[in-house]
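Going line by line, the protein sequences match chains B and E. Here the first sequence stands for residues 30 to 393, numbered as in the numbering used here. Here the second sequence stands for residues 14 to 296, numbered as in the numbering used here.
Mixed in with the good hints there might be a few duds.
In silico lysine to any residue, SDA-like type, Cα no more than 20 Å apart, as pairs [what the hints assert, rightly or not]: (1) E:Lys118 <-> B:Asn345; (2) E:Lys200 <-> B:Val136; (3) E:Lys120 <-> B:Ala102; (4) E:Lys126 <-> B:Ala102; (5) B:Lys362 <-> B:Gly342.
Covered, in the sense of this in silico footprint (three residues per stretch, anywhere, with C-beta under 8 Å from a C-beta of chain E), are these stretches of chain B [what the hints assert, rightly or not]: (6) 47 to 61; (7) 155 to 167; (8) 367 to 377.
The set of hints was computed from the structure by calculation and includes no laboratory data. Heads up, the beta-carbon is just placed ideally off N, CA and C, and yes, glycines get one too.
Spelled out from the first residue to the last, the chains are:
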Amino acid sequence: MAFIQLKNICKKYPGAAKNSVTDFNLEIEEKEFIAFVGPSGCGKTTTLQMIAGFEEITEGELFIDGKRMNQVAPRDRGIAMVFQNYALYPHMTVEKNISYGLKNMKVPADEIKRKTDWAINLLGLDEYRKRKPKNLSGGQRQRVALGRAIVKNQKVFLMDEPLSNLDAKLRVSMRSEISKLHRQLGSTTIYVTHEQVEAMTMADRIVIMKDGVIQQVGKPMELYEHPVNKFVAGFIGSPQMNFYDVTVEGSCVLFPDGSKIILPDNVLKNLNGKTGPMILGIRGEDIKLDGLNLDLLKDSVQSSVVDNVEIMGNENNLYFNFGGSTTIARVSKYEVSQLGDSISFVFMPTKLHFFDKDTEEALF
Amino acid sequence: MKVEKRKVLQIVLVTVMILMSLFFLFPVAWMIANSFKGDAQITADMNSAAAFIPPAPGGDFFDNYVYIFTDTNFIRYMVNTLFYAAILIVLGVIVNGLAGYALAKIKFPFSDKWILIIMMLMIIPSETIITINFLFVAKMGLLNTVIGYILPMIVSPFNIFLFRQVFVGLPDDTYEAAQLDFCGPIKYFFTMVLPMSKAVVATVSVFTFLNVWNDYLWPSLIFTSSDLLTAQIGLNAITSNDNTTMGQTLAVITMITIPVIIVYSFFSKQIVEGVIATGSKEG
Numbered sequence: 030m031a032f033i034q035l036k037n038i039c040k041k042y043p044g045a046a047k048n049s050v051t052d053f054n055l056e057i058e059e060k061e062f063i064a065f066v067g068p069s070g071c072g073k074t075t076t077l078q079m080i081a082g083f084e085e086i087t088e089g090e091l092f093i094d095g096k097r098m099n100q101v102a103p104r105d106r107g108i109a110m111v112f113q114n115y116a117l118y119p120h121m122t123v124e125k126n127i128s129y130g131l132k133n134m135k136v137p138a139d140e141i142k143r144k145t146d147w148a149i150n151l152l153g154l155d156e157y158r159k160r161k162p163k164n165l166s167g168g169q170r171q172r173v174a175l176g177r178a179i180v181k182n183q184k185v186f187l188m189d190e191p192l193s194n195l196d197a198k199l200r201v202s203m204r205s206e207i208s209k210l211h212r213q214l215g216s217t218t219i220y221v222t223h224e225q226v227e228a229m230t231m232a233d234r235i236v237i238m239k240d241g242v243i244q245q246v247g248k249p250m251e252l253y254e255h256p257v258n259k260f261v262a263g264f265i266g267s268p269q270m271n272f273y274d275v276t277v278e279g280s281c282v283l284f285p286d287g288s289k290i291i292l293p294d295n296v297l298k299n300l301n302g303k304t305g306p307m308i309l310g311i312r313g314e315d316i317k318l319d320g321l322n323l324d325l326l327k328d329s330v331q332s333s334v335v336d337n338v339e340i341m342g343n344e345n346n347l348y349f350n351f352g353g354s355t356t357i358a359r360v361s362k363y364e365v366s367q368l369g370d371s372i373s374f375v376f377m378p379t380k381l382h383f384f385d386k387d388t389e390e391a392l393f
Numbered sequence: 014m015k016v017e018k019r020k021v022l023q024i025v026l027v028t029v030m031i032l033m034s035l036f037f038l039f040p041v042a043w044m045i046a047n048s049f050k051g052d053a054q055i056t057a058d059m060n061s062a063a064a065f066i067p068p069a070p071g072g073d074f075f076d077n078y079v080y081i082f083t084d085t086n087f088i089r090y091m092v093n094t095l096f097y098a099a100i101l102i103v104l105g106v107i108v109n110g111l112a113g114y115a116l117a118k119i120k121f122p123f124s125d126k127w128i129l130i131i132m133m134l135m136i137i138p139s140e141t142i143i144t145i146n147f148l149f150v151a152k153m154g155l156l157n158t159v160i161g162y163i164l165p166m167i168v169s170p171f172n173i174f175l176f177r178q179v180f181v182g183l184p185d186d187t188y189e190a191a192q193l194d195f196c197g198p199i200k201y202f203f204t205m206v207l208p209m210s211k212a213v214v215a216t217v218s219v220f221t222f223l224n225v226w227n228d229y230l231w232p233s234l235i236f237t238s239s240d241l242l243t244a245q246i247g248l249n250a251i252t253s254n255d256n257t258t259m260g261q262t263l264a265v266i267t268m269i270t271i272p273v274i275i276v277y278s279f280f281s282k283q284i285v286e287g288v289i290a291t292g293s294k295e296g
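Extracted from the complex, chain B is given alone in its bound form (with noise of 0.2 Å):
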């Protein structure tokens, strides 16, 4: 049995027309790092409100650890949960924050110490644990957050987009801190964000939520390359996949513009025979430049004219129309193009994800 179970979960609420997560199954194993990824109002923090229990479930079954939740306090489902403004104690300092919840579980005052002690070293938080959280930077707030969590030795962590008030910088590094103490810790965590970023770098295993409906669930790499509809297809990567109307005519991808490319016999196997309008999805680093690539693919050579080009430093994201929308292709740092130069590139055919036109789900 799964360490925490969630069955057709759903929650309405009151007044509100429709649903804001409905249906919501999911299997989490124990030790397991888990991201719920999606955009602003598809449910992800509401399911984890439901999880710590500061949301009634509506409908639906909660289990952790084989007991079922749903009438459970939060404090007593074993969970922490690190908060997205941090939740601190403003008047306590660091290390009374940190121990607040030891104090109040009764734990003997030698302990007390010797865990606080551990988090506050753990966390790199030594000199500043007489310090108030006013006085601490986001960063510094945020290692308290973890601290009060860890401190607490919950199997179960929630965090709540917890790195969302902080600098891109600081971003990076929090992110890895929060992968080490996971490896470290081995508690069962559940993460929320709307950083398909932070999903992909830290998570065993992702959550796409859309309109409080579950889109997928997969390993990054698996979304990444198998998303099983449009949505997870945008959502997951940046920049984004591009998209094309297409219609399929036997070997033939025919673009709004005119322009066609043929399709290898793989490909067209994977599309079972199916062919008319639908949508035809390739990531931009799918889209090649490269004289090799050409040479090879020499039937289904495009070309168009750069309007915009992104230096990103390690790699250059070049613009362009084509099939009657705009193209991003991700380029190797070599590959120098300048605004206006005439560009030739082939579509990599394995690569092509088709999705059906009326319900975007993919075709294979």
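Got chain B; can you put chain E on it based on the hints?
Just chain E, lined up with the frame of chain B:
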């Protein structure tokens, strides 16, 4: 040019404020200076600047104060009032604070209507319900008791509103975090909410103190025993005595004024902070 203009404006502003302060300090200075004099000297100095200058310290310098301390019960009345104020501050913060917290953070039927009712109660002057309060306390057999005096004074719609306005701004996730730290709602109120709202607690405490210290009508109705009287009633009793001199009267008034001045001097920051935080002023 702009900086100079601002400087001139600041000088004018400070000068006006100093003049206004002097205007308000004028009777206080007169009162303190004359509280050390005998009636003859007060009359003699009345039409000169000497009225604002205390006499040179000598053998009879503290005579008026010695009389108040030794020949009247005024110290007792002051201690009584401080005691009532202390109890009312503690109970007022707890009761009004809990009510304010409920209105700010707990969802219950018609919770939004309740705050309107509380706000409407704020416009009713306390004098208009004093008869009802008196009858209520009398029916309970609590006339001439400390409980009878304190009971109707604990709940204050203004203080409830003040607390509610501040508590509304407290983040919900702090309560959620406290719940996961095994902190129950009552403990949360006392160990988190009140310490996080020190300014409003100070404001309510100061307002309660001043209310009790300056109150005359309610204690004069409720108390008949001289052991329980408050400072204001004591002041009236002493000053309406034909044998009390003008100097002694001014000494009593000085003594009754000093705590108020101390409270305002020490807590003016909290009073301003608290009132700003609520976006209101005492009704």
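Does asparagine 345 of chain B lie within 20 Å of lysine 118 of chain E when you go C-alpha to C-alpha?
-> Distance of about 51 Å is beyond 20 Å: violated.
Quick one, are lysine 200 of chain E and valine 136 of chain B close enough, alpha carbons at most 20 Å?
-> holds, 17 Å
Is lysine 362 of chain B within 20 Å of glycine 342 of chain B, Cα to Cα?
-> OK: lysine 362 of chain B and glycine 342 of chain B at ~7 Å, within 20 Å.
Quick check: the region 367 to 377 of chain B, covered by chain E? Criterion 3+ residues, Cβ under 8 Å.
-> violated (count 0)
With a cut-off of 8 Å between beta carbons, are at least three residues of the region 47 to 61 of chain B near chain E?
-> violated (count 0)
Per the coverage rule (Cβ-Cβ under 8 Å, at least three residues), is the region 155 to 167 of chain B covered by chain E?
-> Not satisfied, violated; 0 residues make the cut.
Is the straight-line distance between the alpha-carbon of lysine 120 of chain E and that of alanine 102 of chain B 20 Å or less?
-> Status holds; Cα separation ~18 Å.
Between lysine 126 of chain E and alanine 102 of chain B, is the straight-line Cα distance small enough, at 20 Å or below?
-> violated, 29 Å
Hints 1, 4, 6, 7 and 8 from the earlier list are contradicted by this structure; the remaining hints agree with it.
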